[in-house]
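2 protein chains.
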Amino acid sequence: MSSSPVELATPVIGKLNPPRRLLFGPGPSMVAPRVYAAMGQPIVGHLDPFFFQVNEDIRAGLQVAFGTSNSFTMAISGTGSAGMEAAVSNFVEPGSKFVVFAGGFFADRISEMGRRQDATVLRFEAPWGEGFDDDAAAAFIHQHKPNAVAFVHGETSTGVLTNGRAICKAAHAVGAVTIADCVTSLGTMPIDIDETGIDVAFSCTQKGMSCPPGLAPITCSPSALERLRARPTTNHSWYFDLKLLADYYEGARRYHHTAPITSFYALREGLAMLLEEGIGARYERHRLNAIRLTKGLESIGLELTVKPEHRMWALHTPRVPQGVIDLDVRKKLLDRHGIEIQGGFGQLAGKVFRIGMMGECSTADNVDLLVGALKEALA
Amino acid sequence: MSSSPVELATPVIGKLNPPRRLLFGPGPSMVAPRVYAAMGQPIVGHLDPFFFQVNEDIRAGLQVAFGTSNSFTMAISGTGSAGMEAAVSNFVEPGSKFVVFAGGFFADRISEMGRRQDATVLRFEAPWGEGFDDDAAAAFIHQHKPNAVAFVHGETSTGVLTNGRAICKAAHAVGAVTIADCVTSLGTMPIDIDETGIDVAFSCTQKGMSCPPGLAPITCSPSALERLRARPTTNHSWYFDLKLLADYYEGARRYHHTAPITSFYALREGLAMLLEEGIGARYERHRLNAIRLTKGLESIGLELTVKPEHRMWALHTPRVPQGVIDLDVRKKLLDRHGIEIQGGFGQLAGKVFRIGMMGECSTADNVDLLVGALKEALA
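Chains as they are written, first to last, in our numbering: chain A, 3 to 381; chain B, 3 to 381.
So that you can see chain A by itself, here it is in the shape it has in the complex (with noise of 0.2 Å):
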């Protein structure tokens, strides 16, 4: 071996010792303990017989939680943002008009995405933590009369609830393929893609779901299928092709990348929780403790940022009020409680809290201790 600087200086990398943290931003959210345990069963192969059957056991808990009969309901290999570029990267080609609705920090994501394709695309906007109007929103598609549309389902930077049915229905209208984020709505809340009329949805795994971060649940109508296999172009991504992970994932099962075994497995896990629980048990109970969490915010003198009728479940953008540094307040949360909640970015940098609570979070308990620290740090 060579005596070089590198060897020299060898690191030493001490015991793993992470600080113990109450989750209740945005996401990451908390994982379920069953998960952890299922994380640490032993791997096998990405080709073996078994890896696909955890495969088709996450399809079919995906299929309940995307509310879609689709076949094509899998799992990408990489966090949120991949099933973003996946989506992005399939059906937005070079030339494609590419309308986004634009109200937050993962519309202007999904817009740069498109600007990367070389799509022109063509923004609605509106004020961060304000929906959509139905009515303008159709006619600005049938207006440019896209190739795709997307919108975001749960604006993670808002609060805001799209639930995309006027989009949907003036988009197909016009012959347009639909996308829509679904990060921070998938299990907390009905997406109901069927009966939306969502073509392509993608999420992730590290929010409703209780699992670490790693793997984006991604679902693709058969009509999104079949313009994808007729697209005259090739994905510029090989990584996110869609056609050569359905080759992989879909029947022939040909090797396309090794499959990260273990965040299947948590996925798998987090699945079985949730049709466990039953998937209406499961909205109810981020329901109820969404309506508790916002009646707490108010009792304590909190604004919410996001009208009631555009309003997600899983995470809400209380008002910083005036005079106090949301900073400082974050600070308390963590150094006393250890409590982890966000700020408001963009648009909305400094003036708002950004509170989930989501899967295995959404509780009671959780929402009465995050209210009473809350009161405590603002005090």
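Honestly, the hints are just simulated from the structure, not real lab data. Wrong hints could be hidden among the right ones.
Note that the list lumps identical chains together, so a pair holds whenever it fits in one copy or between two copies.
Unchecked claim - Below, simulated DSBU-like cross-link-like pairs (lysine-lysine); rule was C-alpha separation at most 35 Å, straight line:
no.	residue 1	residue 2
1	Lys99	Lys245
2	Lys333	Lys245
3	Lys297	Lys377
4	Lys245	Lys334
5	Lys17	Lys99
6	Lys17	Lys245
7	Lys171	Lys17
8	Lys333	Lys377
9	Lys333	Lys171
10	Lys99	Lys333
11	Lys171	Lys334
12	Lys309	Lys334
13	Lys297	Lys147
14	Lys309	Lys17
15	Lys171	Lys309
16	Lys171	Lys377
17	Lys245	Lys353
18	Lys297	Lys17
19	Lys99	Lys297
20	Lys147	Lys309
With the hints as your guide, set chain B onto chain A.
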């Protein structure tokens, strides 16, 4: 709730009960018990100061494993192929002349990724299982004067090592950036990035690192980063854009994506084990067990595909004897012993076994167990 067919047929996901496999193929390899334990530690947020400490530990450990002082040394949030796409998409542009040394499946993948970046891909081909002649390789580079040159340090499909010294020297003489696929070599044999002249190297976690798949270690030289900053075109990929990732992991800590925290814990632990053992001792262990394995394979009548001077230490490709069907042998190993090895593919389909002993797997006992079981299965 609606009464859609999806809900009527609510599936059940039972207890996760993976088979116990001895993973002696080309990867994934066995995960170290300490790594499983680290993955059970509670996650923190992706902007938590503790996460950035973990990231610094990973940087320090990877610098030792890669043999580099590159400060830009980190992990991409995807599998090894995600690292490949990050390397190619950032350093190969539309119109680039891109030379690929192609003697196996993964070099073909690099070529395909280059084509998807609209580069002109120029392949110097060798039959699968053979190494490259240094003088011919250098002459090819001097003839074509490419912008970028890629080679596979350890070709997982063939077991061939390409140390890359002659390639990098010639590439730098014509001003090209050099890219090396170190997926199967990282942590199993010296790569010596800096001495070799490799500008950009990527790897995975599920081989020499003894972790599950899920992250792609990557390192870039200062001159490669300068070239990246001067690049006039934008990467089609937002997820793999190293300029954006630098803002997240290096200094500014600006949110990019939600890093898969648990996978970072795992890689940190794998690297802690590597540092505790000592990089020199680790290489010596792999070298000695590679000798033991090749001798063992020869002792039971198997002929090795790769000549001694081109052999990797982590992966070996004995020929399937005439009249033997590789699938039958592999099935016997799996059924009798739970041992997974792989067969060849592409030019070597049906012609070789692929046997890997990497990271925690590389022990004399495992070598003897495998050779004994293989002897029995071939009998």
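Hint check:
With identical chains, the CA atoms of Lys99 and Lys245 are at most 35 Å apart both within one copy (22 Å) and between copies (27 Å). In this assembly of identical chains, the alpha carbons of Lys333 and Lys245 lie at most 35 Å apart only when taken from different copies (30 Å versus 46 Å within one copy). When the C-alpha separation of Lys297 and Lys377 is checked against a cutoff of 35 Å, the pair qualifies only within one copy, where the shortest distance is 13 Å, while the shortest distance between copies is 71 Å. Only between protomers do Lys245 and Lys334 lie at most 35 Å apart by alpha-carbon distance; the minimum there is 34 Å, versus 49 Å within a single protomer.
Proximity of Lys17 and Lys99 under a CA criterion of 35 Å is satisfied in neither setting, with 52 Å inside one chain copy and 46 Å between copies. Proximity of Lys17 to Lys245 under the C-alpha cut-off of 35 Å is restricted to the inter-copy arrangement: shortest distance 31 Å between copies versus 43 Å within a copy. When the C-alpha separation of Lys171 and Lys17 is checked against a cutoff of 35 Å, the pair qualifies neither within a copy, at 54 Å, nor between copies, at 40 Å. Only within a single protomer do Lys333 and Lys377 lie at most 35 Å apart by alpha-carbon distance; the minimum there is 14 Å, versus 63 Å between protomers.
In the homo-oligomer, the alpha carbons of Lys333 and Lys171 never lie at most 35 Å apart, since the shortest distance is 45 Å inside one protomer and 52 Å across protomers. Taking identical chains as interchangeable, the C-alpha atoms of Lys99 and Lys333 are never at most 35 Å apart, the minima being 44 Å within one chain and 51 Å between chains. In the homo-oligomer, the alpha carbons of Lys171 and Lys334 never lie at most 35 Å apart, since the shortest distance is 46 Å inside one protomer and 56 Å across protomers. Taking the shortest Cα distances, Lys309 and Lys334 sit within 35 Å of each other inside one copy (28 Å), while across copies they are farther apart (64 Å).
Proximity of Lys297 and Lys147 under a CA criterion of 35 Å is satisfied in neither setting, with 42 Å inside one chain copy and 68 Å between copies. In this assembly of identical chains, Lys309 and Lys17 lie within 35 Å of each other by CA distance neither inside one copy nor across copies; the values are 47 Å within and 42 Å between. In this assembly of identical chains, the alpha carbons of Lys171 and Lys309 lie at most 35 Å apart only when taken from the same copy (24 Å versus 63 Å across copies). Taking the shortest alpha-carbon separations for Lys171 and Lys377, neither the intra-copy value of 43 Å nor the inter-copy value of 64 Å comes in at or below 35 Å.
In this homomeric assembly, Lys245 and Lys353 come within 35 Å of each other (Cα to Cα) only across copies, at 29 Å, whereas the closest approach inside a single copy is 43 Å. Proximity of Lys297 to Lys17 under the C-alpha cut-off of 35 Å is found in neither arrangement, the shortest distances being 42 Å within a copy and 38 Å between copies. With identical chains, the CA atoms of Lys99 and Lys297 are never at most 35 Å apart, being 42 Å at best within one copy and 62 Å at best between copies. Within a single copy, Lys147 and Lys309 get their C-alpha atoms as close as 30 Å, which meets the 35 Å cut-off; across copies the closest is 61 Å, which misses it.
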